[in-house]
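K.L.:
Chain by chain, the residues run as shown.
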Amino acid sequence: MGNLLKNDLCRLVKNKLYWGVVIVFAFMTFYTSFQARKQCDSVDDLLGAMLFYLEIAVSAFVPLFVVSEYKSGVVKNKIIAGFSRLQIYVSLLITSVVSALGILVAWVIAYYPYALALYGTKFGYDHITNADRWEVILAKACLVVVCATFAVLVSTVISRKSVTIVILVVGTLFYYTFFLPNILMTRKDLVLEDVSVEQMDESTYAVTYTATEDEEEVDNSHKRKVLETVDNVMFCGHEMLIDYYNMEKVHEYILWDSVAAVVYAGFGLVVFKLKDFK
Amino acid sequence: MEYALKTTGITKKFGRQKVLSGVDINVPKGAVYGLIGKNGAGKTTLLRIITGLTSSASGEVKMNTPHQKVSAIIEAPGYYDEFTVMDNMKSQCRIRGIDIDEGKLSEILAMVNLTEAKNKKASKLSLGMKQRLGLAMALVGDTELVILDEPLNGLDPQGIIDIRNIILNLNKEKGITFIISSHLLGELSKVATVYSFLNNGVIVKEISQEEVKSSGKVTTSISVSDVKKLAIIFDEMNVEYTVETPTQITAYKELSIEELLPKMQAVDVQLHELSVNQESIESIYTNIMNDGAGK
Chain A
35 MGNLLKNDLC RLVKNKLYWG VVIVFAFMTF YTSFQARKQC DSVDDLLGAM
85 LFYLEIAVSA FVPLFVVSEY KSGVVKNKII AGFSRLQIYV SLLITSVVSA
135 LGILVAWVIA YYPYALALYG TKFGYDHITN ADRWEVILAK ACLVVVCATF
185 AVLVSTVISR KSVTIVILVV GTLFYYTFFL PNILMTRKDL VLEDVSVEQM
235 DESTYAVTYT ATEDEEEVDN SHKRKVLETV DNVMFCGHEM LIDYYNMEKV
285 HEYILWDSVA AVVYAGFGLV VFKLKDFK
Chain B
15 MEYALKTTGI TKKFGRQKVL SGVDINVPKG AVYGLIGKNG AGKTTLLRII
65 TGLTSSASGE VKMNTPHQKV SAIIEAPGYY DEFTVMDNMK SQCRIRGIDI
115 DEGKLSEILA MVNLTEAKNK KASKLSLGMK QRLGLAMALV GDTELVILDE
165 PLNGLDPQGI IDIRNIILNL NKEKGITFII SSHLLGELSK VATVYSFLNN
215 GVIVKEISQE EVKSSGKVTT SISVSDVKKL AIIFDEMNVE YTVETPTQIT
265 AYKELSIEEL LPKMQAVDVQ LHELSVNQES IESIYTNIMN DGAGK
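Chains as they are written, first to last, in this note's numbering: chain A, 35 to 312; chain B, 15 to 309.
In isolation and in its complexed conformation, chain A is listed as follows (with noise of 0.2 Å):
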C-alpha cells in the first residue's frame, strides 16, 4: 500500500497540468479577492470567497488524473503485482484527495497574505475567535474532500475524461446558479437577540448579539426541508458562504461532509471492484 501511495503521490508532483491548476487557481484567488474589495472590509468577509473556483478547480483536475490512471493501464500492473483492488483505489482516493487539499493551501497562501495586506488584522466579527477561523477552513476542507471523493467516484464509473468533467463542472455550475439561490430565498430570517452595544472610543462601538433562525417563520419551510437534505447529501457546506459566522452550521457541514465523503468513497469502491480494466 505504502508503494503504491508513494507512486501515485509521485505521480501528482511530476504532473504539469496539476501544477498548472494550482498557480491558475492562485490568480484567480488574488484577482477575485482584489474584485471584492469594495465590497468587503475585513479579512472574514473574504473568507467565504473561492468555493466556487475551488469546486471548478477540483471538478477539472480529479477525473483527469483518474481516468488516465485507468486508460494507461498502469491498473493493470498493480494488480498483477499483487495489490488488491482496494488498496488501488485507497491509494488513488488519498492521491486525489490531496490534489485537492493542495489547490485549497493554493488557495490559503494566495488568500491570507493579499487580504492581511488589504485589512490588516482586522477581522470583522468579534464573535469568531480564531480557533472558529480554522474551523471554517476546515470545512472547507472537508467540503474540497467530498468534492474530490465524489469526483473520484464519477470517473470510475464513467471512465471517460471529457463526459467527467463536463458532468461535474455543469453540476457545480448548475448547484451555483440554480440550487443556492433557492436555499438563499428560503432561509429563514436571522432573530438578533441580547443586543449590546459598547463605546470603545470615540468613533468605534463594539456590537455584540446571538443570532438563532425566526423559528416562527414557516414560509417555504417544506422547500427549504428538501433543499437542505439535497445539500447536506450532495455538496454541503455552500451556506458558509452566508452562515459562516454561525459555528452551529459550521460543525453541522464538517459532520455531513465526513458522512458523504464515506459513502461516496464506498460507492467509488464498489464500482471499482466490478470494473474490468481493458
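A few of these clues could be false.
[Claimed, not checked] So the derived list for chain B, only partly shown, Cβ under 8 Å to chain A, looks like this:
{"id": "1", "residue": "THR65"}
{"id": "2", "residue": "GLY66"}
{"id": "3", "residue": "GLN82"}
{"id": "4", "residue": "SER85"}
{"id": "5", "residue": "ILE109"}
[What the hints assert, rightly or not] Distance condition first, Cα-Cα at most 25 Å in a straight line; then the derived DMTMM-like pairs of lysine to aspartate or glutamate:
{"id": "6", "chain 1": "A", "residue 1": "LYS307", "chain 2": "B", "residue 2": "GLU74"}
{"id": "7", "chain 1": "B", "residue 1": "LYS243", "chain 2": "B", "residue 2": "GLU254"}
{"id": "8", "chain 1": "A", "residue 1": "LYS48", "chain 2": "B", "residue 2": "GLU96"}
{"id": "9", "chain 1": "B", "residue 1": "LYS132", "chain 2": "B", "residue 2": "GLU74"}
To be clear, the hints were calculated from the coordinates, so they are not data collected in a lab. Note that CB positions come from ideal geometry on N, CA and C, so glycine has one too.
Starting from the known structure of chain A, fit chain B onto it as the hints suggest.
P.N.:
Below, chain B alone, put in the same frame as chain A:
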C-alpha cells in the same frame, strides 16, 4: 519437471456463455509456453484469470514463482503517457517496492533496445517501442515469469523480429519462463518450447517442441520423369505413397537421395526434385481444429 505455473479446472462464464471449461495447463520452469487458439477461444480470459485481473467461476491457479517476480502484459502494456521511458521504469520500481537503480534500469532498457529512447515521452514512442517498453517494465525486479498476451499484434516485421529475439535471449540467458498467447502460429513456432491448443474454452492438446518433432509425420515429395516406375519401387520397399500428378508422388516416410537414386537409375527414372517435409505446428493445429469442428 518443475513447474512455474499450473491451473486446474479453470471455468469462466460470461452470462450464460461458458468461455472456459475446466482448463488445466502446466507450464514448466524455463519454458516458452505458447497458448494457441483462434480469436474468441478464451486465451485472453485465461491469462486475465491467471494474473488476477478477472475472477474465475471455479478452478485453481498455482504459481511456483513469488508473486513479485511475475509480470504480464495483457492486451496492451500499461504505462503513463506523460512520463518518459525512464520515469515509467522508475514508476514500476516504486509499485513493486524495488530500490531505484538507474544503472540496472538502463541495462534492462538496453536489453530491449530502448537505450536511446530513455528520455523520450512514452506517448511519442512507436507501437513497437511501446511494446518493448511494456516488456522492459515487465522485467523490472528479476522477473522469473512473464505472461504476454498477443505481443506481436499490430507490429511491423522489424518489430516482430525484435520482440522475438528479446524473448529468445531472455529465455536462454536469464532462464525466464514465458507464457505467450498468439494466433500467429508461424511466429510462435519460432520461440515456443511447449504448445497448448485452446479451442472453445477447452485445452485440446499440450505438446512440447520435442514431441512435435518426434511424433510429427514426415513426408517426402518427389518429382520424377515416370511416376509408375517409382510406384513399383515403393511397393517393393513397402513404402506408403500417394500419386499426386503424373510426375509428382508423395511418400509417407523420410527418404534420402542416396537410398533412392541407385534404384531409380536401374529402371531409368530421372529425378527432378526431392524434398523432405516435417509436419509443422500449423498442420497439427489445423488437424486439432478440424477434429474439434467435426465434434
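K.L.:
Evaluate each hint against the coordinates.
P.N.:
Hint by hint, here is what the structure shows:
1. THR65: holds (5 Å)
2. GLY66: holds (6 Å)
3. GLN82: holds (7 Å)
4. SER85: holds (7 Å)
5. ILE109: Status holds, d = 5 Å.
6. A:LYS307 to B:GLU74: holds (21 Å)
7. B:LYS243 to B:GLU254: holds (15 Å)
8. A:LYS48 to B:GLU96: holds (9 Å)
9. B:LYS132 to B:GLU74: violated (39 Å)
The structure fails hint 9 only (numbered hints given earlier).
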